[in-house]
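Undergrad: Residue-level listing of the chains:
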Amino acid sequence: MPSLGADMEKGTVVEWLKKPGDRVARGDIVAVVETQKGAFEIEAFEQGVLSEILVPVGTEVPVGAVLARIDGAAAPTPAAAPPAPAAGPPPVERPAAQPDMPRREAPPSAGRPRISPAAARRAAELGVDVRGLDGSGPQGAIAIADVEAAAARASRPAPRRGFDPAAMRQAIASAMARSKREIPHYYLSLPIDLGRATEWLTQKNIERDVARRLLPAALLLKAVALALREVPQLNGFWIDGAPRLSSAIHVGWAISLRGGGLMAPAIHDADRLTLDQAMAALRDLVNRARTARIRGSEMMDPTVTVTSLGERGADSVLGVIYPPQLAIVGFGAPRMAVSIVDGEIRQRPVVQATLSADHRATDGAIGSRLLAAIDRHLQKPEAL
Amino acid sequence: MSDAETIARLRTILGGIAPDLDVSTVGPDDDLRNDIGLDSMDFLNFVIAAHEQLGVTVPEADYGKVSSLLKFARYIAAR
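Residue numbers (my numbering), protein chains in the order written: chain A, 1 to 384; chain B, 1 to 79.
There may be inaccurate statements among the hints.
To be verified - Covered stretches of chain A, as calculated for chain B (at least 3 residues, CB under 8 Å):
1. 209-219
2. 253-262
3. 286-294
4. 314-324
5. 361-375
As the list claims (entries may be wrong) - In silico SDA-like cross-links for lysine to any residue, where the CA-CA straight-line distance does not exceed 20 Å:
6. B:K65 to A:V210
7. A:K204 to B:V58
8. A:K204 to B:I48
9. A:K204 to B:A77
10. B:K65 to A:I206
11. A:K204 to B:Y63
12. A:K204 to B:P59
Think of the hints as simulated: they come from the structure by calculation, not from any bench.
The model shown is predicted, which means the values in this text are computed figures rather than measured ones.
All residues carry an ideal CB built from backbone N, CA and C; glycine is no exception.
Using the sequences and the hints given, assemble the complete structure.
TA: In structure tokens:
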């Protein structure tokens with residue numbers, strides 16, 4: 001049972017996606033585990049053959065318990081099993097096929113799905129995406145009933161898998177109480193002129209297709225990641241009385257959940273993403289947070305947290321560090337403000353950037369350098 | 001397509017991008033950001049999905065004109 005955060009003590013296996021005898025590659029999702037913060041997908045960290053499941057579905061075990069054995073020597077290593085990219089597309093998840101069940105045809109990805117003309121019309125009317133729909137008609141063709149069922153499914157809220165708002169509250173309570181008990185925070189803030197970044201973004205988005213539009217969040221994410229490269233003292237953890245810095249920059253992005261609560265899963269190696277990749281990673285992460293498809297590794301390894309309140313939020317946020325991390329960077333809502341630019345009074349969009357950092361690991365001088373570096377990167381949006 | 005039909009389609013699209021939202025409770029005049037609580041990422045996803053499924057392109061400068069289901073439907077009708 002992996003620890004999906006400092007506050008996690010135990011977890012319950014709610015689903016096995018592999019069974020004994022199945023071959024697994026690194027990064028394959030093998031199980032779904034329920035914690036106080038909801039359900040998470042657990043990936044394999046080894047490749048080989050799953051030889052034994054030790055924790056059956058429905059069983060709660062402490063962090064550190066062995067869930068299953070993967071035998072690396074029992075079978076030849078699959079030649080074409082690439083390691084899962086840290087921030088790549090989610091690995092294809094497929095429950096192990098039962099030998100006694102007829103294998104279901106994979107939905108055609110390149111060709112058009114088989115669909116009756118009437119059903120196609122109905123799908124267009126209802127705005128249903130028929131790709132990947134199962135058909136109940138002749139030869140698996142999609143019928144009107146299938147389309148209507150899909151539309152009904154889409155209009156119902158899907159409860160988050162394994163999500164219990166009260167348990168989530170408890171998890172946040174214990175992590176935040178521990179943070180305030182153990183971590184001597186210091187706080188810094190810096191108003192940052194977003195004029196250039198905003199103009200650049202508006203211009204870019206006019207040129208772009210809808211699907212490739214950028215949000216300011218992508219710029220903030222990238223600016224923080226690049227700044228942490230310059231000020232690595234704030235990227236990592238406080239463990240056993242000493243800082244343990246991380247060379248990789250995995251930014252935990254705080255996402256507020258509509259059902260209540262909060263999570264901050266990682267965007268891996270954020271400093272190495274292009275702006276487009278950063279934007280795609282953010283969209284993907286938010287979508288998966290909304291549908292409880294966050295992977296365990298994303299909960300385990302953020303090296304820093306960023307919380308951005310968005311355009312309708314408060315002016316600034318002085319965050320509480322998520323233990324054992326060393327820092328949390330906050331952005332308030334950008335506001336139009338009077339600013340002095342080149343000796344002239346101007347009206348500019350300004351965002352309050354803040355830093356809460358662990359005073360055991362660093363002092364304010366280091367923290368100030370981080371905020372200054374974030375500012376500097378945001379003044380050159382074209383270089384992000 | 002009538003406004004009511006467009007609203008019904010937009011509501012389905014909204015359900016697709018916000019699966020944790022009960023879209024049957026979203027009224028035609030509700031402000032999608034202030035009343036429903038879509039953030040800028042949700043709203044962008046909504047505009048992208050509407051583009052893919054209804055073929056309507058909403059420039060960023062027009063976001064204010066599509067801030068509710070009814071306004072969005074009228075925006076589409078006026079195109």
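Undergrad: Holds or violated: K204 of chain A with A77 of chain B, Cα cutoff 20 Å?
TA: 28 Å, violated
Undergrad: Three or more residues of the stretch 361-375 of chain A near chain B by CB distance under 8 Å?
TA: violated (count 0)
Undergrad: For the pair supplied as a hint, K65 of chain B and V210 of chain A, is the alpha-carbon distance within the 20 Å limit?
TA: Holds. K65 of chain B to V210 of chain A sits at ~16 Å (cutoff 20 Å).
Undergrad: Verify the coverage statement for the stretch 314-324 of chain A against chain B, using a C-beta to C-beta distance below 8 Å and requiring 3 or more qualifying residues.
TA: The restraint on the stretch 314-324 of chain A is violated, since only 0 of its residues have a Cβ under 8 Å from chain B and three are required.
Undergrad: Taking beta carbons only, do three or more residues of the stretch 286-294 of chain A come closer than 8 Å to chain B?
TA: Holds, because 4 residues of the stretch 286-294 of chain A bring their Cβ atoms closer than 8 Å to Cβ atoms of chain B.
Undergrad: Does I48 of chain B lie within 20 Å of K204 of chain A when you go C-alpha to C-alpha?
TA: Judged against 20 Å, a Cα distance of about 16 Å means the pair holds.
Undergrad: Is the listed coverage of the stretch 209-219 of chain A by chain B valid when you require three or more residues with a beta carbon under 8 Å from a beta carbon of that chain?
TA: holds (count 6)
Undergrad: For K204 of chain A and P59 of chain B, compute the direct alpha-carbon distance and say whether it is at most 20 Å.
TA: 12 Å, holds
Undergrad: So if I understand the rule, the pair passes when the alpha-carbon distance is 20 Å or less; does K204 of chain A with Y63 of chain B pass?
TA: Distance of about 16 Å is within 20 Å: holds.
Undergrad: Decide if the proposed pair is consistent with the structure: K65 of chain B and I206 of chain A, CA atoms, cutoff 20 Å inclusive.
TA: 17 Å, holds
Undergrad: How does the coverage statement for the stretch 253-262 of chain A fare against chain B, requiring three or more residues with Cβ below 8 Å from a Cβ of that chain?
TA: holds (count 4)
Undergrad: Taken at face value, is the distance from the CA of V58 of chain B to the CA of K204 of chain A at most 20 Å?
TA: Answer holds: K204 of chain A to V58 of chain B is near 15 Å, not above 20 Å.
Violated hints, listed in ascending order, are 4, 5 and 9; each of the other numbered hints is respected by the structure.
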